[in-house]
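*Asks:* Given the coordinates of chain X, work out where chain D should sit on it, guided by the hints.
2 protein chains.
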Amino acid sequence: MRIIRKTTEMAVWSQAERQQGQRIAFVATMGALHEGHLSLVREAKKRGNRVVVSIFVNPTQFAPAEDFAAYPRNFVRDRGLLETEGVDVLFHPAAEDIYPPGNQTHVEVKELSKILCGARRPGHFQGVATVVTKLFNVVRPDVAIFGEKDYQQLQIIRRLVRDLFLDVEIVGHPIVRESDGIAMSSRNEYLNADERKAARCLSRSLHRAECLVRRGETSAKAIAEAVVAELHNEPLAVVEYVTISDVETLEPLEQIRQSALLALSVTIGQARLIDNKVLLRSSGE
Amino acid sequence: MRIIRKTTEMAVWSQAERQQGQRIAFVATMGALHEGHLSLVREAKKRGNRVVVSIFVNPTQFAPAEDFAAYPRNFVRDRGLLETEGVDVLFHPAAEDIYPPGNQTHVEVKELSKILCGARRPGHFQGVATVVTKLFNVVRPDVAIFGEKDYQQLQIIRRLVRDLFLDVEIVGHPIVRESDGIAMSSRNEYLNADERKAARCLSRSLHRAECLVRRGETSAKAIAEAVVAELHNEPLAVVEYVTISDVETLEPLEQIRQSALLALSVTIGQARLIDNKVLLRSSGE
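Those protein sequence lines, which keep their order, are chains X and D.
If you count the first sequence from 1, position 250 lands on 232 in the numbering used here, and the numbers rise without skipping.
If you count the second sequence from 1, position 58 lands on 40 in the numbering used here, and the numbers rise without skipping.
Certain hints may be false.
Once the Cα atoms are required to be at most 30 Å apart in a straight line, the calculated BS3-like pairs of lysine-lysine come out as [said to hold, decoys possible]: (1) D:K203 to D:K131; (2) X:K96 to X:K28; (3) D:K96 to X:K96; (4) X:K131 to X:K179; (5) X:K28 to X:K(-12); (6) D:K96 to D:K27; (7) X:K92 to X:K203; (8) X:K92 to D:K(-12); (9) D:K27 to X:K96; (10) X:K131 to X:K28; (11) D:K131 to D:K179; (12) X:K96 to X:K131; (13) D:K(-12) to D:K27; (14) D:K92 to X:K(-12); (15) X:K92 to D:K179; (16) X:K92 to D:K96; (17) D:K131 to D:K27; (18) X:K92 to X:K131.
Per the computed footprint, the stretches of chain D lying under chain X, defined by three or more beta-carbons under 8 Å from a beta-carbon of chain X, are [said to hold, decoys possible]: (19) 77 to 90; (20) 107 to 118; (21) 141 to 154.
Honestly, the hints are just simulated from the structure, not real lab data.
Ideal placement from N, C-alpha and C gives every residue a C-beta, glycine not left out.
Same shape as in the complex, but just chain X (with noise of 0.2 Å):
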């Protein structure tokens, strides 16, 4: 596996591999490396056959009162897991080369950052719609991969790369969840034991959602209110918001027709977990 740490290194090497005709799938990530992030890896080895993976705790998505000091960071494990994957190249580019003196350029995918978590984070798509247009922009892949955890970010993505005419394919990939539930994150090592399996509520609640929407139930209000009332069952968790939205424009329904994103954001400690499913209505169960 190939480590590169310069922008201009890295669009070299994809230049080269791109002109022998080789697929480049990528994957970028905030290192602090899980299953779900290498759940992407395999995915990205299926589609192209070089694979790049980068890592990059990008400052910019991080408000000023939120932890991009204390975010996990471990890049001799993370290099060992992806080196284990058979990926290609590690970018891990240094802050000054991604934003150079000078540098002012902004991306913003307007109405899809407003809401949901955008409410509660200014500036954090701004950041990583930013980012990511970079990150394209040198890597130049075929395809990349992002998790339906962070749905919001992937509609964003999907929605920057449409509108500016990137020329690459965006893949979703699953949720890849622990065995008793909880959703992947790098933000979980945050969590005490206690804290740990109170963070249970958040796919315990998106588990009630989906038995009411099988029942029957059609009003976002009834099912939001029982998603609340689940996750309020449990004492340590502080409910941020429960939505119900559309599955593309993220605006908020009242009636789930066919689908709907539920989308949840809970503090747990230290922690701010987020949490999502997309409910189906006609799944003939």
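*Replies:* Just chain D, lined up with the frame of chain X:
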């Protein structure tokens, strides 16, 4: 000359040419072509072996009160001129193709967009940066030529390309002037005979500044005052701004050390006219 209207067709043409090793040079215009544009096209022919010229009157770079509807359009004449110059592709997209339903992504070059024309035309340079990013990603040129008459626009595009790692070389091309010194502009069409004559005050005032610098004047304030005085000799001229700035960051200067950008905006009748000159101290004269 091939005329392409669809972004998809443009991207396919461009990819095929690139794969055959052709070097694509690009000139982005809003039509109403004059000698200034044609000089960019001739420069493009020197720098690439395929030349693409776009004609797109970009709605998002006009503020609501500005002249989008009135902006001169003459496609048949423009097409003839480009054909004569030996252009390979005239790219003439529809607004709905550049801004499809749901489009919501914006590119902004922050600091550089706030000053000079940007301070008077809110949203203008966000419109420019966004459309240029889109056009670059569709046409994928190796090199793009922009006129120095829109000096601020040129610096914004240079910054954008650097910040977003776009793989295109940006070339600035000198202002083309009429025999009486007036900078060529599609907006000169708005001028009647008296106003046309009055518009000479712009280049005359730039010349005045140049003479002062040659004689050793280094105070930006003194030079700007002389320029404003020269402009005020013309009763039809309404001065919007006269600034002396760093040639790259466009930040205001108090003293001219080696070089400075003198930029001005003047309204005459219905026409908002801009002009500029890079003042050089070490001219040896």
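*Asks:* Compare the structure with each hint and give your call.
*Replies:* To see whether the hints hold, each was checked on the structure:
1. D:K203 to D:K131: At roughly 23 Å apart (the allowed maximum being 30 Å), K131 of chain D and K203 of chain D satisfy the hint.
2. X:K96 to X:K28: 34 Å, violated
3. D:K96 to X:K96: Since the Cα atoms of K96 of chain D and K96 of chain X sit roughly 23 Å apart, the hinted pair holds (cutoff 30 Å).
4. X:K131 to X:K179: Judged against 30 Å, a Cα distance of about 19 Å means the pair holds.
5. X:K28 to X:K(-12): Answer holds: K28 of chain X to K(-12) of chain X is near 27 Å, not above 30 Å.
6. D:K96 to D:K27: Violated, at roughly 34 Å.
7. X:K92 to X:K203: Roughly 26 Å between the alpha carbons, so the hint for K92 of chain X and K203 of chain X holds.
8. X:K92 to D:K(-12): Status holds; Cα separation ~25 Å.
9. D:K27 to X:K96: 45 Å, violated
10. X:K131 to X:K28: Holds, at about 20 Å.
11. D:K131 to D:K179: This hinted pair holds, its Cα atoms lying about 19 Å apart.
12. X:K96 to X:K131: 18 Å, holds
13. D:K(-12) to D:K27: 23 Å, holds
14. D:K92 to X:K(-12): Status holds; Cα separation ~25 Å.
15. X:K92 to D:K179: Violated: K92 of chain X and K179 of chain D sit about 45 Å apart, past 30 Å.
16. X:K92 to D:K96: 20 Å, holds
17. D:K131 to D:K27: OK: K131 of chain D and K27 of chain D at ~20 Å, within 30 Å.
18. X:K92 to X:K131: 21 Å, holds
19. 77 to 90: With 8 residues in contact (Cβ-Cβ under 8 Å with chain X), the coverage given for the segment 77 to 90 of chain D holds.
20. 107 to 118: Three-residue rule met by the segment 107 to 118 of chain D, so holds; n is 3.
21. 141 to 154: holds (count 8)
Hint check: violations occur at hints 2, 6, 9, 15; the rest are consistent with the structure.
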